[in-house]
Amino acid sequence: MWKWLHPYAKAEKSYALSGKLMPWFLVIAIPTFFVGIIWGLAFAPADYQQGDSFRIIYIHVPAAMMAMGAYSTMAVAAFIGLVWQIRLAEMTVAATAPIGAVYTFIALFTGAAWGKPMWGAWWVWDARLTSELILLFVYLGIIALYNAFSDKILAGRAASILTLVGVINLPIIHFSVVWWNTLHQGATITKFDQPSMATEMLIPLLIMIVSFASFLGLMILYRFRNEILQRESHRPWVIALVKQSLKTNKRG
Amino acid sequence: MAFTSLSDFIAMGGYSFYVWLSYGVSLLSIILLITNSVFKRKKIFHQVEQRLQREQRIKAAENREDIL
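Respectively, the protein sequence lines represent chains U and Z. Going letter by letter, the first sequence gives residues 1 to 252 in this note's numbering. Going letter by letter, the second sequence gives residues 1001 to 1068 in this note's numbering.
There could be a bad hint or two in this list.
Simulated pairs of lysine-lysine, PhoX-like, Cα-Cα distance not exceeding 20 Å [as the list claims (entries may be wrong)]:
#1 K1043(Z) / K152(U)
#2 K152(U) / K1059(Z)
#3 K1043(Z) / K10(U)
Negatives, chain U to chain Z, calculated, CB over 10 Å [as the list claims (entries may be wrong)]:
#4 K10
#5 A16
#6 I56
#7 H60
#8 M219
#9 Y222
#10 N226
#11 V242
#12 S245
One side of the interface only, derived from the structure: several residues of chain U facing chain Z at Cβ under 10 Å [to be verified]:
#13 Y58
#14 V83
#15 R87
#16 T110
#17 G120
#18 V124
#19 L229
Hint data in this document are derived by calculation from the structure and do not stem from the laboratory. By construction, the Cβ of each residue, glycine as well, lies at the ideal position given by its N, Cα and C atoms.
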């Protein structure tokens, strides 16, 4: 029943499939981005306590959520790569890490720019902030480790192991606001209760989350294709692809 | 609409610096991520192209030696 999956362990097939999937992610990511950002910045009502500074939430929360989503993706891929020795899964780890790092950076930076007017400090050594900073360092560690080996099979394995070790940080980030007394507010959406947020503020936030998620998917596919091309650059199908692009001079 | 005028919108209720700083830096990071990814793809294509050309030159040189 699951035999149809088999060909996709072949890099060429996966390259073609991700190429076909990319436009779908793009048509979701772009409209949701514009709708969400305009709605959030101009149409959502100002917060009764935080005024207009709360509008930072529309990038802060989606970036932070998807930074963890990217990490979960990497962890699943790393596990598959290590257990079943599927090279493409290890390439997914390498492809996702830089995107996760950028999202984590955005979450930290917007958090600092939100914390300054609200808490009076750019940075505090609060449990949530510190665990998020560790996530950034884990991401940078994975990227550095992957690039430290010229043998990419070894590099993929090492990066996958580090990814699995770093999984311990995910529950710490998520529950940090529960386990410790933090300055950072508790969960407003990801809890088993009704979201503690007005609907007219929540809808643009959900739209932005969809946008960040599909952009994450798009970039994973794009960078995954890069990884495949890099590793298979001596294979006839890649050479044929390059010759084709020389003819049409189109490389998109 | 939560704002009455454009200047009101830019002022962000007195939080303009923090709000626009956040949005600006985030947009910049995303743009850098996209450029880096596209640049990487172009670099791989360029490397393969160069290798193919080098192989061709070596072949051509070998053929010339045969003639001499």
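Results for each hint:
Taken as a hint, the K1043(Z) and K152(U) pair is honoured in the structure, with Cα atoms around 18 Å apart against an allowance of 20 Å. Taking the CA atoms of K152(U) and K1059(Z), the gap is near 30 Å; set against the 20 Å cutoff, the hint is violated. Using a Cα cut-off of 20 Å, the hinted pair K1043(Z) and K10(U) is violated, with the two alpha carbons roughly 23 Å apart. At roughly 19 Å from the closest C-beta of chain Z, the C-beta of K10(U) stays outside 10 Å, upholding its exclusion from the interface.
At the 10 Å boundary, the C-beta of A16(U) stays outside the reach of chain Z, the nearest C-beta of that chain being 15 Å off. The beta carbon of I56(U) is not kept farther than 10 Å from every beta carbon of chain Z, the shortest such distance being approximately 5 Å. Interface exclusion of H60(U) from chain Z breaks down, the closest Cβ pair being 7 Å apart, not more than 10 Å. Listed as a non-interface residue, M219(U) fails to keep its Cβ farther than 10 Å from every Cβ of chain Z; the least gap is roughly 6 Å.
Listed as a non-interface residue, Y222(U) fails to keep its Cβ farther than 10 Å from every Cβ of chain Z; the least gap is roughly 5 Å. Taking the minimum C-beta to C-beta distance to chain Z, about 5 Å, the non-interface status of N226(U) is violated against the 10 Å cut. Not every CB of chain Z is more than 10 Å from the CB of V242(U) (nearest about 4 Å), against its label as outside the interface. The Cβ of S245(U) sits about 6 Å from the closest Cβ of chain Z, inside the 10 Å cut-off, so the non-interface label is violated.
Hint status for Y58(U) relative to chain Z: holds, with the closest Cβ pair at about 9 Å, below 10 Å. The closest approach between the C-beta of V83(U) and any C-beta of chain Z is roughly 28 Å, which is over the 10 Å cut-off, so the hint fails. Hint status for R87(U): violated, given a least beta-carbon distance of 17 Å to chain Z, over 10 Å. Taking 10 Å as the C-beta cut-off, the interface hint given for T110(U) holds, the closest approach to chain Z being about 4 Å.
For G120(U), the shortest C-beta to C-beta distance to chain Z is roughly 12 Å, which exceeds 10 Å, and the interface hint is violated. Annotation: interface hint on V124(U) violated; nearest CB of chain Z at approximately 16 Å, more than 10 Å. Restraint check, L229(U) versus chain Z: the minimum CB separation of about 5 Å is within 10 Å; hint holds.
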